[in-house]
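Build the full structure now, drawing on both the sequences and the hints.
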Amino acid sequence: MLARLQQITTLSLLAFAIAWAAFFAQRQQMLVAIGGALCIVFGYALILGLEFALLYRVNQGGAAAPARVPVLLKAWCAEVASTARVFFWQQPFRSNSVADHRPALGSRSGSGSGSGRAGVVLVHGFACNRGIWNPWLRRLRALDIPFVAVNLEPLFAGIDTYVATIDAAARHLQDATGRAPLIVAHSMGGLAVRAWLDARGAGDRPQHVITIGTPHHGTVLACFAIALNARQMRRESAWLRALACREPQSRFASFTCYYSDCDNIVMPAATATLSGADNRQLHGVAHVQMATDERIFRGVLEQVLRGSHAAQGASP
1 MLARLQQITT LSLLAFAIAW AAFFAQRQQM LVAIGGALCI VFGYALILGL EFALLYRVNQ
61 GGAAAPARVP VLLKAWCAEV ASTARVFFWQ QPFRSNSVAD HRPALGSRSG SGSGSGRAGV
121 VLVHGFACNR GIWNPWLRRL RALDIPFVAV NLEPLFAGID TYVATIDAAA RHLQDATGRA
181 PLIVAHSMGG LAVRAWLDAR GAGDRPQHVI TIGTPHHGTV LACFAIALNA RQMRRESAWL
241 RALACREPQS RFASFTCYYS DCDNIVMPAA TATLSGADNR QLHGVAHVQM ATDERIFRGV
301 LEQVLRGSHA AQGASP
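Just so you know, my numbering puts 286 at position 286 of the sequence shown, and the rest follows in order with no gaps.
Everything labelled a hint here was simulated from the structure, so no lab data went into it.
Glycine is no exception: its CB is placed at the ideal position from the N, C-alpha and C atoms.
Not one of these hints is a red herring.
Have a look at the derived ranges for each label pair, beta carbon to beta carbon:
#: 1; residue 1: Arg200; residue 2: Ala22; range: 53 to 59 Å
#: 2; residue 1: Asp175; residue 2: Leu305; range: 20 to 26 Å
#: 3; residue 1: Arg298; residue 2: Ser97; range: 19 to 25 Å
#: 4; residue 1: Phe297; residue 2: Gln249; range: 25 to 31 Å
#: 5; residue 1: Gln7; residue 2: Leu50; range: 21 to 27 Å
#: 6; residue 1: Pro135; residue 2: Leu5; range: 18 to 24 Å
Below, the structure is given as structure tokens:
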């Protein structure tokens with residue numbers, strides 16, 4: 001569903017930009033033609049700029065040291081490019097270009113694909129789909145690491161709605177590999193993973209959980225939200241408070257939380273951390289950028305190897 005919506009949005013913007021440029025070019029108003037077309041296509045850059053301005057203000061009083069203006073400007077430019085790539089190409093047109101790499105059930109001890117390796121479940125965030133992970137999916141496949149990248153639907157339902165989707169993916173990988181999977185979640189996806197752990201009593205199911213820019217304690221930006229799952233991400237929301245009350249703090253010892261001083265969606269920055277987790281701060285990396293950050297990918301590979309070796313060591 002999201003892919004179709006973003007296809008319509010992307011093609012409509014391009015059609016409008018072309019029509020605008022053609023209309024004014026015929027009247028020899030080239031500056032208006034070119035300038036207007038660029039504004040139509042890249043108008044989202046202004047919205048991102050407003051997010052970074054809000055980020056700068058909010059992080060001034062936060063626990064994490066705020067980024068300097070030149071760093072924020074550099075992150076904004078990079079996020080403009082990342083947003084175009086993800087929302088205008090990968091998600092609308094290429095979301096299924098890299099299929100899940102699933103070992104066949106029962107191949108755990110044989111020579112089948114991914115044999116002996118822990119698998120990875122990748123969970124996207126709000127208003128996204130599995131296409132956001134495409135660069136990592138190609139690399140995981142090349143390394144013969146089993147993975148499942150889920151689509152969270154319905155798009156704007158409550159976060160608890162996604163529990164069954166995550167559970168099915170995790171169970172499949174664990175049954176197929178004989179290894180507890182690594183869960184990697186971006187943004188809202190990290191909250192969906194916490195809801196899954198809470199609902200299923202699955203504290204021992206994942207080998208490890210990596211969250212990337214997840215608003216564990218809500219985000220200021222969600223105060224402007226309308227959708228149910230976005231409202232649940234408001235600071236001190238009833239949903240977040242109820243979830244936190246039910247969770248044992250010991251659970252977060254198996255979490256690694258990446259957060260950034262240039263996250264233009266999750267603010268203040270420290271809201272993406274959890275007490276008791278391995279909290280790792282990135283500098284100068286914006287929200288969408290984090291989903292393809294090389295340092296985080298290396299951390300994912302380290303956890304996959306650690307989980308595989310631990311399981312092999314525990315085998316008789």
